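Trainee: Let's have the full structure, built from the sequences with the hints guiding it.
Protein chains in written order, with the numbering used here: chain A, 1 to 561; chain B, 1 to 309.
By construction, these hints were calculated from the structure, which means they are not laboratory data. Accuracy of the hints is not assured; some may be wrong.
In silico DSS-like pairs for lysine-lysine, Cα to Cα no more than 30 Å straight-line [stated by the list, open to error]:
hint	chain 1	residue 1	chain 2	residue 2
1	A	Lys544	A	Lys528
2	B	Lys285	A	Lys183
3	A	Lys497	A	Lys462
4	B	Lys285	A	Lys120
Being a predicted model, the structure only gives us computed values, none of them experimental.
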Amino acid sequence: MRKGLGKWMSMTLAAAVLLTGAGCSGKSGNGEAEPSGSSSPAPTQTAVSSPSAEASPWAAKKFDPPVTISSAIAIRDLDKLRGGDTYEDNPLTRWYKDNLGIVTKYKWLLTDQGDALNQKIRLALASGEELPDVLPIDDNVLLNELIESGQIMSIDEMFDKYASPRTKEAYEKNPDVWTAVTKDGKKWGLPQISDGNIGDSIMWVRQDWLDAVGLPAPKTLAEFEAVLAAFKAKYPGKTPLAVSGKAMQPLAGYMGDAEFVFGATQPYIWDESADGKLQYGSVQPGFKSGLSKIKEWFDKGYINKEFATHDEQKAASLFTSGDAGIIFGPGWMGAWPLEDTTKNVDGAVVKPYELPSGVDGEVGRIGTKLVYITYVFRKGFEHMDALFQYYDVSMGSLLEDPDSPFAAGAGEGYDYVMKDGKPSWDVPDGAIELRYTIATVGNTPPGMLTGETIFERVAAGKKDTIYEQKLAFSSSPLYLEGRIVSFKQLDKARRNKFIGAPVPTMVSKWPLLTQMESEATVSYIYGKTTDADLDKYMQDWMSKGGQKVTDEVNAWYASSK
Amino acid sequence: MAAAIATRAKPRGRWNFRKTWMLHLFLLPSVLLLLVYSYVPMAGIVIAFQNYKTYKGIRGSEWVGFEHFRTMFTDERIVQIISNTLVIAVSKMVAGWIVPLLFALLLNEIRISLVKRTVQTLVYLPHFLSWVVLGGILTDMLSEQGIVNGLLRSLGLPSVFFLGNGNWFQFTLVVSDVWKEFGFGTIIYLAALAGVNQSLYEAAEIDGANRWRQTLHITLPSILPVGVIIGTLSLGNILNAGFDQVFNMMNPIVAGRGEIIDTYVYKIGLLQGAFSFATAVGLFKSVVSLLLIGVTYRLAYRFAGYRIF
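Mentor: Spelled out as structure tokens, the structure:
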């Protein structure tokens, strides 16, 4: 599986759970969240913070004659259209056409199977076919090929010239997102910005078990072990901690991970060491002490004897069936699958908590990737002004902008309907997500909204804005609680700092090194190997290519700054 | 199959295009499709000898000779991977050949048509399940608390961690694959059995042969040609150990014994974006397969005396 797919799963699952995920946010409305595009070609562009009653507030920004921007999209089975709409003519694309004069055109319309879009792009590169104006890229290897191909353009000047103030602000607050698209000091694409925590792990506990053993939620590793021991003593037939170990990164699945044990030095990622260089977490001393803890728990029967064959959903089912009392995983698990717990087990109470500290006394988890998709632009594409205008408008609903045309949803009749002049999200034939955009920032960029998050506000019963009403309609209390907790330890996330295309030695050696890593990890926990073997694995990892990879990764890191 | 039998039944005749041009015309579309989709793309194997970059194309990419093959053979795991692949694939081929044959013979003895048809449909059903689904089901069935270990324990046998031990893992791969696919093979054998001339059995009965004798001397020889065809056709899979299945059932404890050529190519070629290297491994696999097929086919011809091409 592609590196980081787990967290990507998080995102898509969360989106599925909460069809119109409003993302994180805070008290909005202060001037900066106003639509204040600076990209209209009209010479008379000013702030449009107070739309006049008679004219459309967008009139000043409309492109006349209309501008056509071509892109590509891979259609999924669930992308149904209603009432004679087409992929290029539906409520979403119509709004942009009628109000901004931007026409959406899909040069490539594909079926979302496997890597359809990526394959199409590679074919076009190989055959010399002209690319669409805008392309969404989700693969760093391909991104790198595109940059080297010379068929896409750098956007530095155009970003400075056309990006709206709030677009610029979002990128200023998250400068790390540029790393993967930066080459030779230029920016070769526009990265989406994730909310930075959707996949981040928190601790889900059976509160009724905690109450039964009379312990508070653990805050340190020692307290955590005391809880495990108490659970095991109270319920000898159960396995208190649900862990999934089947993934290529056995202790970091998208649900049922054990990341917190390792504290500040997280395995499976490249993080900065004290000297400012990147180092691989799974060959650091902390990895060993973390593993020996997990082995201890495994030996004591706190973890299922077959956890290595359990994938994420199986691990979660151990919790929902009442066999396990603790599982680590993202905040959205409150909506799925953990809400099943109370249905399956009488008297079960599930509660999310912040992570306890790990073996080094620090709290840590692997952070959600900041960028999942990067937009690249065909060399010779002339309408970056329109593109940034489009981008600004599409960002509005993610910033809880009250003037956003998409506040209630992407399209009436799809993800919302109007009832008595008010939006309702109870769509008669089921809600459908409209995805026919050209470019959108994707999520609420971290730092753009301050104050209480929308999850906290809705959990507290607020239903003032349309965004709050939407979230209140579509979410359960446990989901809100989970998301609130996942925002609590944002600074504890350790992010993978190597986000470039695989370096040369990685290409040939990484599968071997990954296999050594997962085998050494799991065999050790299962007691098939000793501490000495674990030391040997770390040496072998270095000598069999790991050292070379580390050097190359650091060379990349130096060049990306 | 029918075509093969037809050509065999017909004496190798003169070239009579005037009479057969229409048949050739019928053949043309499939030949064209085969050319376009199977033969022309074969030219792509040249990238195995290049450092292929999509944007440079085949013409612009740098030539590196046998470097990728060298890299492959210096990977310390390659011997293990090839031996895993061979062990798993050959076991599947052999078991997948014998089990449907035996099952078809047994099923053919059932005289109640309803039972026969029901069983036939039931054993055919797993063929349609995807390994993604089956992977999860098998993990449950084979777990410590699962139905299989429950059965073993009730028989007084020790329970087995099927997916956590290299040998058992390979065994599980083979057995579950046979279980999934044998219904399909059974149908073909049943069809062949239906075509056996009934008068032969009547004659044998008059001669005093019992059911066992009849099976041995009439049924088996009659369906042997079909058996040889199925066996020969399955030779193409000699290095296909089943990507879907292995990928979905693999876990870190058995990674060493479970890794096969296809999962290796997937990890390097797709996850790391090394198309040239993946092509080199794929080419190696094809060449070895071709050699093995050639040899086995010769052997089949010599011992079974039957050929399909």
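Trainee: All the hints need checking, so say for each whether the structure fits it.
Mentor: The hints, checked one at a time:
| no. | hint | verdict |
| --- | --- | --- |
| 1 | A/Lys544 to A/Lys528 | 22 Å, holds |
| 2 | B/Lys285 to A/Lys183 | 38 Å, violated |
| 3 | A/Lys497 to A/Lys462 | 38 Å, violated |
| 4 | B/Lys285 to A/Lys120 | 26 Å, holds |
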